[in-house]
Amino acid sequence: GQQVMQIPQYQHVQEGEDFTTYCNSSTTLSNIQWYKQRPGGHPVFLIQLVKSGEVKKQKRLTFQFGEAKKNSSLHITATQTTDVGTYFCAGLIIQGAQKLVFGQGTRLTINP
Amino acid sequence: NAGVTQTPKFRVLKTGQSMTLLCAQDMNHEYMYWYRQDPGMGLRLIHYSVGEGTTAKGEVPDGYNVSRLKKQNFLLGLESAAPSQTSVYFCASSNRWGQYFGPGTRLTVT
Chain A
1 GQQVMQIPQY QHVQEGEDFT TYCNSSTTLS NIQWYKQRPG GHPVFLIQLV
51 KSGEVKKQKR LTFQFGEAKK NSSLHITATQ TTDVGTYFCA GLIIQGAQKL
101 VFGQGTRLTI NP
Chain B
1001 NAGVTQTPKF RVLKTGQSMT LLCAQDMNHE YMYWYRQDPG MGLRLIHYSV
1051 GEGTTAKGEV PDGYNVSRLK KQNFLLGLES AAPSQTSVYF CASSNRWGQY
1101 FGPGTRLTVT
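If you read the protein sequences in the order shown, they are chains A and B. Each step along the first sequence adds one to the number in the working numbering, with nothing skipped, and position 60 is 60. Each step along the second sequence adds one to the number in the working numbering, with nothing skipped, and position 32 is 1032.
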């Protein structure tokens, strides 16, 4: 079953507002990856976090990996209309074989 | 580099028909994957391959078969299509940094 939960499922904001999506796993993750999918497009790799407590920034996007490596978040500061899309987290679980498990995604819409 | 390509982009099948989706990558990646994406369900892994000549089942393998005869190609087959297989299918390949997705195939089964 689904081992990586992502919330919220949907988020609508006014342009300029901040946005955060959260990812939680029942299992310790080897790493966490984040992807963005524009409407009608395909998922595009954004970043990978590997270390406990790691924080990475890409312009207005801030990614965090929890100390226990079971949760992660993506925060967007001052959203722009180009941020519209669905954001997926994906956790790498190693239990014998490697398995990348995707969250259900958070769909972000923005009112200009 | 073309990255990951998929053919066809769109297809309509009748129940019981068969078809093969082709995925090709030119990044020399060992790992390749097939996902399906349905509204509200995120990405679900159908089958994957860790190298040429190997395949393994993912989360939702029933009704699908795959083959990886060449490193750069990963084929997904539907032997007898069912309406429940109406979906968008994404292929991906990966290196140690992340997965790279193809543009997708939109399949409708009537």
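Everything labelled a hint here was simulated from the structure, so no lab data went into it. Check before you lean on any hint, since a few could be wrong.
[Stated by the list, open to error] Each computed BS3-like pair below joins lysine-lysine, with the alpha-carbon atoms no more than 25 angstroms apart:
| id | chain 1 | residue 1 | chain 2 | residue 2 |
| --- | --- | --- | --- | --- |
| 1 | A | 99 | B | 1014 |
| 2 | B | 1071 | A | 99 |
| 3 | A | 70 | A | 57 |
| 4 | B | 1009 | A | 36 |
[As the list claims (entries may be wrong)] Some residues of chain A that are not near chain B, with every Cβ distance over 10 angstroms (derived):
| id | residue |
| --- | --- |
| 5 | 42 |
| 6 | 52 |
| 7 | 104 |
Here a beta-carbon is modelled for each residue, glycine too, at the ideal position from N, C-alpha and C.
Tested hints:
A threshold of 25 angstroms between alpha carbons decides the hint, and for residue 99 (chain A) with residue 1014 (chain B) the separation of about 33 angstroms lies outside it, so the pair is violated. Proposed proximity of residue 1071 (chain B) and residue 99 (chain A) is supported: the alpha carbons are some 20 angstroms apart, at most 25 angstroms. A threshold of 25 angstroms between alpha carbons decides the hint, and for residue 70 (chain A) with residue 57 (chain A) the separation of about 20 angstroms falls inside it, so the pair holds. Proposed proximity of residue 1009 (chain B) and residue 36 (chain A) is supported: the alpha carbons are some 20 angstroms apart, at most 25 angstroms.
Distance check for residue 42 (chain A) against chain B: the nearest CB is about 4 angstroms away, which does not clear 10 angstroms, and the non-interface claim fails. Its beta-carbon lying about 19 angstroms from the closest one in chain B, residue 52 (chain A) satisfies the requirement of being farther than 10 angstroms from that chain. For residue 104 (chain A), the non-interface assignment is contradicted: its Cβ lies about 4 angstroms from the closest Cβ of chain B, within the 10 angstroms cut-off.
Hint violations for this structure: numbers 1, 5, 7, all remaining hints satisfied.
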